[in-house]
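Student: Sequence:
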Amino acid sequence: MSHFKIGIMIDSLQLGFEGGIDKAVEIGADGFQMFYTQAEPTAREKLLHMRSYIERSGLTVSAVCGDIGAYTDETVNAQHLEVMKNVFNFAYEIGAKVVTGHVGVIPADKDAPAYRALHSGLTALGRMAKDRDLTFAIETGPEDTALLRRFLDELDGGIGVNFDPANLVMGGFSSNGADSVGAVAPYIVHTHAKDGVREDGRGHETPLGAGGVDFPRWMETLYQNNYRGFLTIERECGDDPVGDCTEAIRFLRETDGAMKTL
Numbered sequence: 001m002s003h004f005k006i007g008i009m010i011d012s013l014q015l016g017f018e019g020g021i022d023k024a025v026e027i028g029a030d031g032f033q034m035f036y037t038q039a040e041p042t043a044r045e046k047l048l049h050m051r052s053y054i055e056r057s058g059l060t061v062s063a064v065c066g067d068i069g070a071y072t073d074e075t076v077n078a079q080h081l082e083v084m085k086n087v088f089n090f091a092y093e094i095g096a097k098v099v100t101g102h103v104g105v106i107p108a109d110k111d112a113p114a115y116r117a118l119h120s121g122l123t124a125l126g127r128m129a130k131d132r133d134l135t136f137a138i139e140t141g142p143e144d145t146a147l148l149r150r151f152l153d154e155l156d157g158g159i160g161v162n163f164d165p166a167n168l169v170m171g172g173f174s175s176n177g178a179d180s181v182g183a184v185a186p187y188i189v190h191t192h193a194k195d196g197v198r199e200d201g202r203g204h205e206t207p208l209g210a211g212g213v214d215f216p217r218w219m220e221t222l223y224q225n226n227y228r229g230f231l232t233i234e235r236e237c238g239d240d241p242v243g244d245c246t247e248a249i250r251f252l253r254e255t256d257g258a259m260k261t262l
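Mapping of the sequence shown onto the numbering used here: position 150 corresponds to residue 150, and the numbering continues sequentially without gaps.
Be a bit skeptical, because a hint or two may be false.
[Claimed, not checked] The calculated lysine-lysine pairs, modelled on BS3-like cross-linking and capped at a C-alpha distance of 30 Å, are: (1) LYS5 - LYS110; (2) LYS5 - LYS85; (3) LYS130 - LYS85; (4) LYS85 - LYS97; (5) LYS110 - LYS46; (6) LYS130 - LYS46; (7) LYS260 - LYS5; (8) LYS5 - LYS130.
The set of hints was computed from the structure by calculation and includes no laboratory data.
Could you put the whole structure together from the sequences, leaning on the hints where they help?
Tutor: Structure (structure tokens):
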């Protein structure tokens with residue numbers, strides 16, 4: 001029995017949309033995530049072709065990555081929200097339930113202009129997501145998860161968490177990835193399976209299992225906190241993306257199979 005589904009960020013494979021999906025099927029993924037940040041709608045004919053290709057592949061769209069920038073400046077938030085309307089429409093049309101993205105650094109000071117901009121921007125974004133039966137998932141990394149949880153609790157729904165343990169380790173906010181799950185557990189709707197280390201005050205990505213993320217403990221902690229969704233492999237560097245992603249699937253399947261929590 002598998003505890004989780006394994007996905008791949010097909011952009012990491014550098015093979016294009018169809019090539020990425022084909023390779024994801026070939027190396028044993030259950031689903032995939034893809035980037036989409038277009039401001040203008042995709043032509044209907046192309047959209048129907050993409051949807052048909054996904055359906056024939058048998059893969060699930062774990063999420064769409066709509067990473068268009070920070071929401072910390074009121075003067076640009078309206079423009080971001082217009083783009084995100086199109087991103088949400090695209091995600092809905094291809095069958096995704098989650099759109100992920102970075103939103104900028106959340107200040108600890110609630111009176112900071114950036115905090116107020118984030119609050120209003122993410123409130124509006126959450127309402128837009130709910131209108132399309134979607135969740136916008138904030139990617140972890142720029143702050144500790146206790147601060148992120150406080151921020152999430154003040155919003156009006158439609159916003160969740162894309163938990164990336166490597167970002168937290170590389171940012172110095174987590175010692176192993178697992179110790180930061182509890183604070184935001186009720187909000188986790190998607191994860192990135194990524195690894196990394198923090199050395200000399202800087203973060204460096206590594207292949208899965210070679211960095212500071214304790215994957216057995218992280219996966220156990222996710223499961224114990226009732227997460228049953230995707231672990232989506234994201235590889236943002238390296239000379240052999242297909243080889244790295246293939247090995248990452250093997251590593252995650254093996255780690256999943258060794259879990260004692262059933």
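Student: Each hint needs a verdict: does it hold in this structure or not?
Tutor: Hint by hint, here is what the structure shows:
1. LYS5 - LYS110: 37 Å, violated
2. LYS5 - LYS85: Roughly 28 Å between the alpha carbons, so the hint for LYS5 and LYS85 holds.
3. LYS130 - LYS85: 12 Å, holds
4. LYS85 - LYS97: 14 Å, holds
5. LYS110 - LYS46: 44 Å, violated
6. LYS130 - LYS46: Holds - the C-alpha atoms of LYS46 and LYS130 are around 25 Å apart, at most 30 Å.
7. LYS260 - LYS5: Distance ~17 Å between LYS260 and LYS5 Cα, so the pair holds.
8. LYS5 - LYS130: Between LYS5 and LYS130 the Cα gap is close to 24 Å, so the pair holds against 30 Å.
Checked against the numbered hints given earlier, the structure breaks hints 1 and 5 and satisfies all the rest.
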